[in-house]
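Asker: One letter stands for each residue in the lines below.
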Amino acid sequence: MIQINKLRKLYGKSAAVDIESLKIASGESFGLVGNNGAGKTTLFKLILDLNKATNGEILVKDTPVALNDEWKSFTGSFLDETFLINFLTPEEYFDFIAQLQRITSQELVTFLTIFKDFFNDEILGKRKYIRDMSKGNQKKIGIVGSMIGDPELLILDEPFSNLDPSSQIKLKQLLIDQQKNNGTTMLISSHDLSHITEVCERIVVLEKGKIVKDIFSNDNALEELESYFA
Amino acid sequence: MIFTLLSHSWLSFWRSKSLARSLGTAIFTWLMVAIMVLYALGLGYMLEELLVKLAPEKDSIKLLNGLLLFYWMFELVSRIIIQKNVTLNVQHYLTQRISSQSLAHFMLLKSWINLFLLITVLLFSRFAFHKIALIYGVQQGWVWLLFLLGVSFCLHHLVILIHQISKGRIWLPLGLSIITVATIYASFLGHIDILFITEGVMGDVLVNPFLLLTPYLISLGLYFVTHFFIKKNLLLDNLTQNVSIGNVGVPSWVQYLNTKGVVGQLFALEVRLIWRNKRARTTLIMGVFFLFYVVIAFQRNGIGEKLPEFLAMLSTGAFMINYAQLIFSWESFYIDMIMANDISIKKYMKSKIFLLFILNSISLLSSVIILIFINPKIISTFLLWYLVNTGLFIYLFIWLAILGAKRIDSNASAFFNYEGINISQFLIIIPYVALPVVARFVIDKYLGVGMGTYILAGLGVIGILLFKPIVDLLAKSFLKRKHKILVRLRD
Chain W
1 MIQINKLRKL YGKSAAVDIE SLKIASGESF GLVGNNGAGK TTLFKLILDL NKATNGEILV
61 KDTPVALNDE WKSFTGSFLD ETFLINFLTP EEYFDFIAQL QRITSQELVT FLTIFKDFFN
121 DEILGKRKYI RDMSKGNQKK IGIVGSMIGD PELLILDEPF SNLDPSSQIK LKQLLIDQQK
181 NNGTTMLISS HDLSHITEVC ERIVVLEKGK IVKDIFSNDN ALEELESYFA
Chain E
231 MIFTLLSHSW LSFWRSKSLA RSLGTAIFTW LMVAIMVLYA LGLGYMLEEL LVKLAPEKDS
291 IKLLNGLLLF YWMFELVSRI IIQKNVTLNV QHYLTQRISS QSLAHFMLLK SWINLFLLIT
351 VLLFSRFAFH KIALIYGVQQ GWVWLLFLLG VSFCLHHLVI LIHQISKGRI WLPLGLSIIT
411 VATIYASFLG HIDILFITEG VMGDVLVNPF LLLTPYLISL GLYFVTHFFI KKNLLLDNLT
471 QNVSIGNVGV PSWVQYLNTK GVVGQLFALE VRLIWRNKRA RTTLIMGVFF LFYVVIAFQR
531 NGIGEKLPEF LAMLSTGAFM INYAQLIFSW ESFYIDMIMA NDISIKKYMK SKIFLLFILN
591 SISLLSSVII LIFINPKIIS TFLLWYLVNT GLFIYLFIWL AILGAKRIDS NASAFFNYEG
651 INISQFLIII PYVALPVVAR FVIDKYLGVG MGTYILAGLG VIGILLFKPI VDLLAKSFLK
711 RKHKILVRLR D
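So the sequences go chain by chain: W and E.
Counting from 1, position 185 in the first sequence corresponds to residue 185 in my numbering; the numbering is continuous, with no gaps.
Counting from 1, position 132 in the second sequence corresponds to residue 362 in my numbering; the numbering is continuous, with no gaps.
Worth double-checking, as some hints may not be accurate.
Which residues of chain W face chain E? A few of them, derived with a C-beta cut under 7 angstroms, are [stated by the list, open to error]:
1) Ser73
2) Thr82
3) Ile85
4) Phe87
5) Ile103
6) Lys116
I should point out that these hints are in silico values taken from the structure, not numbers from a laboratory.
Small disclaimer: the values here were computed from a predicted structure and weren't measured.
For glycine and all other residues, C-beta sits at the position ideal for the given N, C-alpha and C.
With the hints as constraints, model all of the structure from the sequences given.
Answerer: Below, the structure written as structure tokens:
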């Protein structure tokens, strides 16, 4: 699904991202971990063509993202609050994305029922603009928005942060189901090692922009990561 | 403690992001303040002369004393609209060891730094020391001026009180504004006579200096009542905005557009952006003043008679001029989302052009309605310049915005807020002033009267016909600079 070649993003002289080669297969659930400033968000922004790479290229389905907008039709993403249109209500926001994805209102209503539990009755029908909602609820709106239209590729930056424990557990299950049922390729970054090892089959550790570990999730993955970050 | 808090606000002003980010913006903001101060000074300087012109047979002191009522009513309404609620920026102090007593005093003291008090001094000082001092003595001149200042203080605290009581609900300030404006209007038309009130009061002040104490005593009273309310409202739920919204419905035409493909959808989104974000909304409303300018300009020997081309250009672009300069900046907060979703840049451009086209058409329609009553002969000129604005300037505005997009907070207050303004917005002034002049004084001179306007309108028509290739060009230019624009809109 994704192929990264000799990718470098420099800010001044320091490299925020410096990846020689990385391949992410179709249907893979790919976890990205690293300390603050490791380059996780920058990598996601490069994949979404929101930042310009200093060198190298990123191919999604063999097409460079920088040259062609094709990837937008099958990619869902939520990185931070800049992905929310904060003066809309959650319903209007979902509706906006659904229309872009050519999904009817009826289909949208059916789709949103999957998230009834996750929303915990705090999102829909509240007559509030997104900007007036709590950080946790904003996050939920962004995550669900990115999943509208069953994208083949889903990119989420720290989806578990700001969520309460119950919502974290529910989200974990939602992501596992999404990948299992729809074969979605998922790129997820997180600071929570236990969550990420549960959701993702493959974990890559970034440090100062470089890949320092690339492991496949197994019984020892969590321990291995914990000992690395200790 | 209050001084420490005041020094913090001083620091927060100088270290504010928008000020640090762009020296140009800071200079521009101060320039605008300076211009306003100069206007007030100039008006103050000519006040006596103007009063004599207004009513030569009347005593100008009496006349001004009467008119002061209008001034204060106008000040009240302006304060209601412009003056910020004082309570918004103290959240981080609430949990510190600072008494709520001190916090409330701090908020009130800080609010004293405002332009209205300054304007009172600038406007009326000369009259006080030139006219009143001449007849009643210097001491009375001081009394008169200080009385005006006292009333301004009263109004200041009154408006804070109104904001405190209304807590973000609009009915009280709105109702009060409507009543005040209606009273002014009724008095203007001669239905009621209210000017005798201040004429009498101020006349008494001039003979009895002890009356000077009244506005200050009232002001002091208002200060403590306001202080009480602020102290009571020092809770987080009251400091943050009233979040629940009564009605989130949108007009049916917006809903209709929303179903008309990506362009319609983006257009509908922008309509909501304008309606639900303070700065965007106010910026558009300011366009109304450009339209009012038409009425003023056609007074005797006004610019309407001398250079109607300029007026036509300004009026048919009334709403576009302010809004289009920041056409991408309005979306700073979610531009990443727009770029990461399945929206083609060409359609994105089309939605922007469509919006500006609608704005221009509204400007044209409003101007024509006004002109029917004032000067119907000139409507055709307005129609032609509408073509110039639509066929040339829409593209020019968008192109300049591509070159100079900057981050702004579209929900911040619009008054004296020049965040996002930079040199490219100044460049647009040049063609706006130059084109009508060139049309009138250069092209007309060589090719015959009216030809300048015809030629430019012709170019406008060509611009409209070339819609498709121009959209392609704009989209290409946007894509070429996409990452730069995104970086600039992000921080």
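Asker: If a hint holds in the structure, say so; if it does not, say that too.
Answerer: Now the hints, each set against the structure:
1. Ser73: holds, 5 angstroms
2. Thr82: Check passed: Cβ of Thr82 of chain W comes within 4 angstroms of chain E, closer than 7 angstroms.
3. Ile85: holds, 5 angstroms
4. Phe87: holds, 4 angstroms
5. Ile103: violated, 12 angstroms
6. Lys116: At 21 angstroms from the nearest chain E Cβ, Lys116 of chain W fails the 7 angstroms test, so the hint is violated.
When held up to the earlier numbered hints, the structure conflicts with 5 and 6 and fits the remainder.
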